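Colleague: One letter stands for each residue in the lines below.
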Amino acid sequence: MALYRAHVLICHGTGCASGGSPKVLETFREELQKKNLDKEVLVIATGCHGMCEFGPIVVVYPEGTFYSQVKPEDVAEIVEEHLYKGRIVNRLLYKEPISAQKVCHYKEIPFYGKQHRIVLSNCGYINPDNIDEYISRDGYQALGKCITEMSPAAVIEEMKKSGLRGRGGGGFPTGLKWSFCAASPGNKKYVICNADEGDPGAFMDRSILEGDPHAVLEGMMIGAYAMGADEGYIYCRAEYPLAIKRLQTAIHQATEYGLLGENVLGTDFSFDLHIKEGAGAFVCGEETALMASIEGQRGMPRPRPPFPAVKGLWGKPTNINNVETWANVPRIMLQGAECFAAMGTEKSKGTKVFALTGKVKNTGLVEVPMGITIREIVYEIGGGIIGDKKFKAVQIGGPSGGCLVEEHLDLPVDYESLTAAGAIMGSGGLVVLDESNCMVDTAKFFLEFTQRESCGKCVPCREGTKKMLDILTRITEGNGKPEDLDTLQYLGEQIKATSLCALGGTAPNPVLTTLKYFRHEYEAHINEKRCPAGACQSLLRYTIDPAKCIGCTKCARNCPVNCISGKVKEPHLIDQEKCIKCGACMANCPVGAISKG
Amino acid sequence: MTEKKIRSLDDLRKLKEKTGDLTSARSEDDKVKIILGMGTCGIAAGAREIMNAVLKELETRKLHNVAVETTGCIGMCQNEPLLDVIRPGEPRITYCLVTPADVTRIISEHVVNGRIVQDKLFGRAD
Numbered sequence: 269m270a271l272y273r274a275h276v277l278i279c280h281g282t283g284c285a286s287g288g289s290p291k292v293l294e295t296f297r298e299e300l301q302k303k304n305l306d307k308e309v310l311v312i313a314t315g316c317h318g319m320c321e322f323g324p325i326v327v328v329y330p331e332g333t334f335y336s337q338v339k340p341e342d343v344a345e346i347v348e349e350h351l352y353k354g355r356i357v358n359r360l361l362y363k364e365p366i367s368a369q370k371v372c373h374y375k376e377i378p379f380y381g382k383q384h385r386i387v388l389s390n391c392g393y394i395n396p397d398n399i400d401e402y403i404s405r406d407g408y409q410a411l412g413k414c415i416t417e418m419s420p421a422a423v424i425e426e427m428k429k430s431g432l433r434g435r436g437g438g439g440f441p442t443g444l445k446w447s448f449c450a451a452s453p454g455n456k457k458y459v460i461c462n463a464d465e466g467d468p469g470a471f472m473d474r475s476i477l478e479g480d481p482h483a484v485l486e487g488m489m490i491g492a493y494a495m496g497a498d499e500g501y502i503y504c505r506a507e508y509p510l511a512i513k514r515l516q517t518a519i520h521q522a523t524e525y526g527l528l529g530e531n532v533l534g535t536d537f538s539f540d541l542h543i544k545e546g547a548g549a550f551v552c553g554e555e556t557a558l559m560a561s562i563e564g565q566r567g568m569p570r571p572r573p574p575f576p577a578v579k580g581l582w583g584k585p586t587n588i589n590n591v592e593t594w595a596n597v598p599r600i601m602l603q604g605a606e607c608f609a610a611m612g613t614e615k616s617k618g619t620k621v622f623a624l625t626g627k628v629k630n631t632g633l634v635e636v637p638m639g640i641t642i643r644e645i646v647y648e649i650g651g652g653i654i655g656d657k658k659f660k661a662v663q664i665g666g667p668s669g670g671c672l673v674e675e676h677l678d679l680p681v682d683y684e685s686l687t688a689a690g691a692i693m694g695s696g697g698l699v700v701l702d703e704s705n706c707m708v709d710t711a712k713f714f715l716e717f718t719q720r721e722s723c724g725k726c727v728p729c730r731e732g733t734k735k736m737l738d739i740l741t742r743i744t745e746g747n748g749k750p751e752d753l754d755t756l757q758y759l760g761e762q763i764k765a766t767s768l769c770a771l772g773g774t775a776p777n778p779v780l781t782t783l784k785y786f787r788h789e790y791e792a793h794i795n796e797k798r799c800p801a802g803a804c805q806s807l808l809r810y811t812i813d814p815a816k817c818i819g820c821t822k823c824a825r826n827c828p829v830n831c832i833s834g835k836v837k838e839p840h841l842i843d844q845e846k847c848i849k850c851g852a853c854m855a856n857c858p859v860g861a862i863s864k865g
Numbered sequence: 002m003t004e005k006k007i008r009s010l011d012d013l014r015k016l017k018e019k020t021g022d023l024t025s026a027r028s029e030d031d032k033v034k035i036i037l038g039m040g041t042c043g044i045a046a047g048a049r050e051i052m053n054a055v056l057k058e059l060e061t062r063k064l065h066n067v068a069v070e071t072t073g074c075i076g077m078c079q080n081e082p083l084l085d086v087i088r089p090g091e092p093r094i095t096y097c098l099v100t101p102a103d104v105t106r107i108i109s110e111h112v113v114n115g116r117i118v119q120d121k122l123f124g125r126a127d
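Line order of the protein sequences matches chains S and Z. Counting from 269, one number per residue, gives the positions in the first sequence under my numbering. Counting from 2, one number per residue, gives the positions in the second sequence under my numbering.
Quick caveat, the hints were computed from the structure, so don't treat them as lab data. Here the structure is a predicted model, which is why all the values come from computation and not from measurement. Watch out, some of these pointers could steer you wrong.
If we take Cβ atoms under 8 Å as the criterion, some of the chain Z residues that face chain S in the derived model are [unchecked claim]:
1) Leu10
2) Leu16
3) Arg62
4) Val69
5) Gln119
6) Leu122
7) Gly124
8) Asp127
All residues carry an ideal CB built from backbone N, CA and C; glycine is no exception.
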């Protein structure tokens, strides 16, 4: 093993990769070769660093220098200045949005300061395509400990003690879930990893799979040992090609090492693992639909009971956990349940990974201890609202979740508090909304999604969400009726109570919570035909202030439908009947005479 | 590695020992630091050869938990190549006019055993 004095870590998460990081990596290799440094500087592709907003990200060790938004044309300078001459390239350092100061070291960035990266500790730190790097960081030691030194019952006991709860959204205690499957009679059992992450704007599981695939494998193996399963499936959507590729590599390497297969580490434990690519239906994230999909049937849920722990995949006892849950397992087993349970709140232990998106300055992937407040996530980690606009709400839990408003900013993030406030933990989508977001439109966006993804098996979800969406569409187009709000409320509650699976059972949440906290916005749409946030296009009116208009004709010349009239040097007028609300006039007015509202 | 199979927990632990160096350059544990002056003056005086000698020596001695960093010109150009050694909790020691032959001594005496090589000593910063 050659000694490399410096390591250049280039983020190859999907975010940075689409920002051009593979080209950056290639350029690094070329430039290092030119300078004859390729034998002393190691270049590797890593998983997500979380700061997707500022990608592509390059971290240079041993200093731990953090460069952001690196382009291929910047690489020669980093190689020449930093790696050859030892001078940090100041202009590429990350600029902290709150203090506007340049930050040199990884550890000094406030974005990471409040975070507690446990599940993500390898993400962005190791090369996910190299099992040796995972092993160098205690990889597979937990598996070794479990299968050689602990009984299956002891493993489950340890999981129960840790207090880990399902990270896919439900929050069911993992140890308890395992004990059900372990107690089911039968000599053939399955474990499944649910990697069908489908919430709009969520990418926690993808990042874990891409950045630390072996942790998921190891977690599944420990679970399989504890429950007496010898076969497993990772159900991953085909829209995650990079995650699937990394998983395939990981499975291949683990098999080569004999960590997967017959008689792992010389014990009686044997385990086979398959990847099942899903076609990306949202409903397949529901466990019974997911199993139907693996079996080759149409992905539709079925009533429970029987629960998968009793009758699951191909009728055999099966345990399903999501990616983040599995990835937590090796750390718990290695460091002990107490260590894990020391983090978080009384009933919600450990950490949670969130995909922070929307109107915050630092969008990206964050891992925080349970019990942190929304305020800390939005303002300290997220860096506050873009353009310093006013905070309006966070949509937590994706299309199944609800919105939380300003009064909830100091709410601790844990399963119980969020549920009490009408939202859910969900799998970890966190969309920040500011004053320019219309809440009716936001609720409509999420309902459009769930309505489209409804599998159609049960009536409340299939017909009910359609009716709700029709009403919301009508409201945003200015045709709402006063009784619509009661109808929405009634429909929402009925759908929640009577749907077959969690898709329908949670689909009305965004509507119900916005109705609760932003009823005035709905009323403005219905009664005044006005969108307070100025987001609903049909309700917008562009008007020219005759006092400000200088008659330059620029608006009229840029209008695509010729609905602006007026003579040169005289105030112009917009024909509201013909206007398509494209905003071209406003964008082109040199004196700011046009306003919307 | 020809035989790839890991047959026991012991094998796995041994492999971890072996692979530990893979990521050690990235770890934030306290490590001995060697810092080389790589300004134009340093390079002209032969700092690249010093770098090669340092890496070779560390490799030979399997000293993988040493961070090798580079730095710019500190203004003492006529004394280049300059080489600093910082052991955790100890002052920064600067050696001057270092030759590849000195590197072996500095590493074996100072980096490994903590004894400053007096005849090459240029200064110390606390």
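Colleague: All the hints need checking, so say for each whether the structure fits it.
Modeller: Each hint tested on the structure:
1. Leu10: 4 Å, holds
2. Leu16: Holds, about 6 Å.
3. Arg62: 10 Å, violated
4. Val69: 4 Å, holds
5. Gln119: 26 Å, violated
6. Leu122: This hint is violated: leucine 122(Z) lies away from chain S, its Cβ roughly 22 Å from the closest one there, beyond 8 Å.
7. Gly124: Violated. Min distance 19 Å.
8. Asp127: Violated. Min distance 22 Å.
The structure fails hints 3, 5, 6, 7 and 8 (numbered hints given earlier, in ascending order).
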